[in-house]
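Novice: Protein sequences, first through last, are from chains P and V.
For the first sequence, the tail end lands on 159 under our numbering, and the numbers increase by one without skipping.
For the second sequence, the tail end lands on 287 under our numbering, and the numbers increase by one without skipping.
It should be emphasised that the hints constitute simulated quantities derived from the structure, not laboratory data.
Worth double-checking, as some hints may not be accurate.
Non-contacting residues of chain V with respect to chain P, defined by C-beta distances greater than 10 Å in every case (computed) [as the list claims (entries may be wrong)]:
| # | residue |
| --- | --- |
| 1 | Thr-87 |
| 2 | Ser-89 |
| 3 | Leu-139 |
| 4 | Phe-164 |
| 5 | Trp-182 |
| 6 | Val-214 |
| 7 | Val-221 |
Label pairs and their calculated CB-CB ranges [to be verified]:
| # | chain 1 | residue 1 | chain 2 | residue 2 | range |
| --- | --- | --- | --- | --- | --- |
| 8 | V | Trp-182 | P | Gln-146 | 53 to 61 Å |
| 9 | P | Ser-118 | V | Phe-168 | 29 to 37 Å |
| 10 | V | Arg-150 | P | Ala-115 | 28 to 36 Å |
| 11 | V | Val-157 | P | Ala-122 | 33 to 41 Å |
| 12 | V | Phe-164 | P | Ala-115 | 33 to 41 Å |
| 13 | V | Arg-161 | P | Arg-111 | 40 to 48 Å |
Derived coverage of chain V by chain P (criterion: at least 3 residues anywhere in the stretch with Cβ under 8 Å from a Cβ of chain P; other residues may be distant) [as the list claims (entries may be wrong)]:
| # | stretch |
| --- | --- |
| 14 | 33–43 |
| 15 | 50–59 |
| 16 | 115–121 |
| 17 | 152–161 |
Glycine included, C-beta positions come from ideal geometry on N, C-alpha and C.
Now for the letters of each chain:
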Amino acid sequence: MRYVIAGYSIVLAILFFYGVQLAWRRRRLVKAAQRVQAFEATVDDGRVGP
Amino acid sequence: MSPNQVVHSPLDQTPRARRTLRIIGIAAVVSTAFTVWLGLWVTPPDQVQGNLVRLVYIHPGVAWVALYLAFGLAAVSSLLYLWPRTRSLFWDRLAAAAVEVGVVFNACTLISGSIWGKPTWGVWWAWDARLTSTAVLLVLFLGYLALRRVPAEPDVRAKRSAFVALFASVDVPIVHFSVLWWKTLHQGATVLNPNLSPTIHGSMAWTLLLGFVALTLVFVWMLLVRYRIGALEDWLGRGELNVALLERQAEGGHLPVVASELVGAESVVEATPECEPEPVPEGVTR
Numbered sequence: 110m111r112y113v114i115a116g117y118s119i120v121l122a123i124l125f126f127y128g129v130q131l132a133w134r135r136r137r138l139v140k141a142a143q144r145v146q147a148f149e150a151t152v153d154d155g156r157v158g159p
Numbered sequence: 002m003s004p005n006q007v008v009h010s011p012l013d014q015t016p017r018a019r020r021t022l023r024i025i026g027i028a029a030v031v032s033t034a035f036t037v038w039l040g041l042w043v044t045p046p047d048q049v050q051g052n053l054v055r056l057v058y059i060h061p062g063v064a065w066v067a068l069y070l071a072f073g074l075a076a077v078s079s080l081l082y083l084w085p086r087t088r089s090l091f092w093d094r095l096a097a098a099a100v101e102v103g104v105v106f107n108a109c110t111l112i113s114g115s116i117w118g119k120p121t122w123g124v125w126w127a128w129d130a131r132l133t134s135t136a137v138l139l140v141l142f143l144g145y146l147a148l149r150r151v152p153a154e155p156d157v158r159a160k161r162s163a164f165v166a167l168f169a170s171v172d173v174p175i176v177h178f179s180v181l182w183w184k185t186l187h188q189g190a191t192v193l194n195p196n197l198s199p200t201i202h203g204s205m206a207w208t209l210l211l212g213f214v215a216l217t218l219v220f221v222w223m224l225l226v227r228y229r230i231g232a233l234e235d236w237l238g239r240g241e242l243n244v245a246l247l248e249r250q251a252e253g254g255h256l257p258v259v260a261s262e263l264v265g266a267e268s269v270v271e272a273t274p275e276c277e278p279e280p281v282p283e284g285v286t287r
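Bound-form chain V, shown alone (with noise of 0.2 Å):
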């Protein structure tokens, strides 16, 4: 085992961090509240839009999220761990981590603008740069977490991701410039525009960046949670190798249910002590 593979146990969780995972959970559920109160119930119809405007406290969030900061940290974690001097596989389950919930939030990027875009545009889905580019992304990172189910030694299995999470990364600053590059039917960006100068006001702009600020919340938690998860999958990976060599020298001692109980430890299940022991000759200790 290199010793970038040594894993603490998980379970050693300081009771400052668990406080720490709670708190952040909590501001989270407060400011998204928040956000849907004011998004709904304060704040005006817009002119042009009307009501519609309301889902662009929600929209630019969620991709936000996605883009920036849950594909950049991939980017970034997957660079730190092919950078031989910070090479660990603590970047790499960064990375996984964040990758995950990234494709979630990209999902709801796709959909929130597909549900504004009905009313809006007439349709559902354009063949339009930054709707397709995103939708690139969103297929680009599926493959990364796909990848990750192939069988392989940690290693190898983080160095593959992590060429294929910059290769996937590629696409963001391509969905961030598209409005620009192209002519398209999205609008251009309404906060990180060229000119840096937003073109929202008032009660609008408070209840966008509020938005910003409980999304991000929300990835933080889900990525600390979603990190723990790789953590603990990790160890109990290294478990195998132990609870295998521990059952052989019990000579049949059981370890119940925790096979049953993995999930996401696929190759624990082999060690289940349904495997006969092989005999062993007479006068060998083991």
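The shape of chain P in the complex, shown without the other chains (with noise of 0.2 Å):
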């Protein structure tokens, strides 16, 4: 039963991880969008430039 285990333990942890992972670099990238947008709408507002 140990090989059992030890099988659905490696294989939905690596899934779970990878997961989780996918998760954390979608939110890091919206993030980083909202930035570059809200950056684009401040200089289109005329607030930032020449």
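Put the two chains together into one complex; each comes in its own frame, and the hints tell you how they fit.
Specialist: See the structure below:
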């Protein structure tokens, strides 16, 4: 039974950590995109620039 | 910029899309938990394999996702990208997402198979046709992912990646038919056999089926999230040009922290305000 437990643990852990990593990557990119959008909007409003 | 490089802001995600993704995620977690419960506690041990049969509830499921869903989708998407009428970076991004998720599932297939093989065959690994062709598949698609990291224009990268994905996909039918074409240690297909008559019954069959459904849902959730990551990276890549131009316009206007927050859009780092703006000759306006 220990092989079975090991098999389930390893496969589920890999899928879980990969899923968490995807969610984390997406979150960071969304934040970065929001900052870029905010910066572009600031420049479009003429608050920054010549 | 060619028309297929136009990227709408991926921040414009509808509430419906967000809700759908959440529902798929919850369904994936619940069905996986249910599969584990049935697989470990409810189903009986096999007459021949004993408790080791419990590994069979997840091993074919991860293999199904890797081989047929992920790499199959990557092949179809790559083909649609190469087809001039359907050429769009959407297909390239979908193929890239499918391959990355597929590689994870392919690794899980090899690991779970190896753990099952040790007590059954007495070895962790055998140079059997099914095992070897599956390992080759993993290496081929790792090569695909490595190739995508080589800096290039989006269209060039998409084109060469599509060719590599199609080349690598040739191994998928080889993996599938390897147990029929060669004498292998690996058992034949339990469900997708030539007669299409499953050789598993009762609670074992239902648990196996639920495992397929659960892992398919996990794949769909991962694929959608990974696709969005690709879309965000592309959008930020487009933003890189705009940011550089805006910075020039703003004459030293800062874009704080953005570069450090970008993952996968390495070139944006070059657009940070550490670069000194070029001196502007008198009388020249920007």
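Novice: Now, for every hint given, state plainly whether the structure supports it.
Specialist: Hint check:
Separation of Thr-87/V from chain P is adequate, the least Cβ-Cβ distance of about 27 Å exceeding the 10 Å criterion. Even its closest Cβ contact with chain P, about 21 Å, leaves Ser-89/V beyond 10 Å, as expected for a residue assigned away from the interface. The beta carbon of Leu-139/V is kept farther than 10 Å from every beta carbon of chain P, the shortest such distance being approximately 13 Å. Separation of Phe-164/V from chain P is adequate, the least Cβ-Cβ distance of about 26 Å exceeding the 10 Å criterion.
Every beta carbon of chain P lies more than 10 Å from that of Trp-182/V, the smallest distance being close to 27 Å; the non-interface claim holds. Under the 10 Å C-beta cut-off, the non-interface status given to Val-214/V relative to chain P holds; the minimum distance is some 15 Å. For Val-221/V, the requirement that its beta carbon stay farther than 10 Å from each beta carbon of chain P is met, with the minimum near 12 Å. Under the hint 53 to 61 Å, the C-beta atoms of Trp-182/V and Gln-146/P, about 54 Å apart, fit the expected range.
A beta carbon spacing of about 35 Å between Ser-118/P and Phe-168/V agrees with the range 29 to 37 Å that was offered as a hint. A C-beta distance of roughly 32 Å is found between Arg-150/V and Ala-115/P, which places it inside the suggested range of 28 to 36 Å. In this structure the supplied range 33 to 41 Å holds for Val-157/V paired with Ala-122/P, their Cβ-Cβ distance being about 37 Å. Checking the proposed 33 to 41 Å range against Phe-164/V and Ala-115/P shows it holds: the Cβ atoms sit about 39 Å from each other.
About 45 Å separates the C-beta atoms of Arg-161/V and Arg-111/P, a value consistent with the hinted range of 40 to 48 Å. Three residues within the 8 Å Cβ limit are the bar, and the stretch 33–43 of chain V against chain P gives 4, so the coverage statement holds. Given a C-beta distance limit of less than 8 Å, the hint that chain P covers the stretch 50–59 of chain V holds, as 5 residues qualify and 3 suffice. As drawn, the stretch 115–121 of chain V meets chain P at 4 residues by the rule of a beta-carbon pair under 8 Å; at three or more, the given contact holds.
As drawn, the stretch 152–161 of chain V meets chain P at 0 residues by the rule of a beta-carbon pair under 8 Å; below three, the given contact is violated.
In this structure, the one hint that does not hold is number 17.
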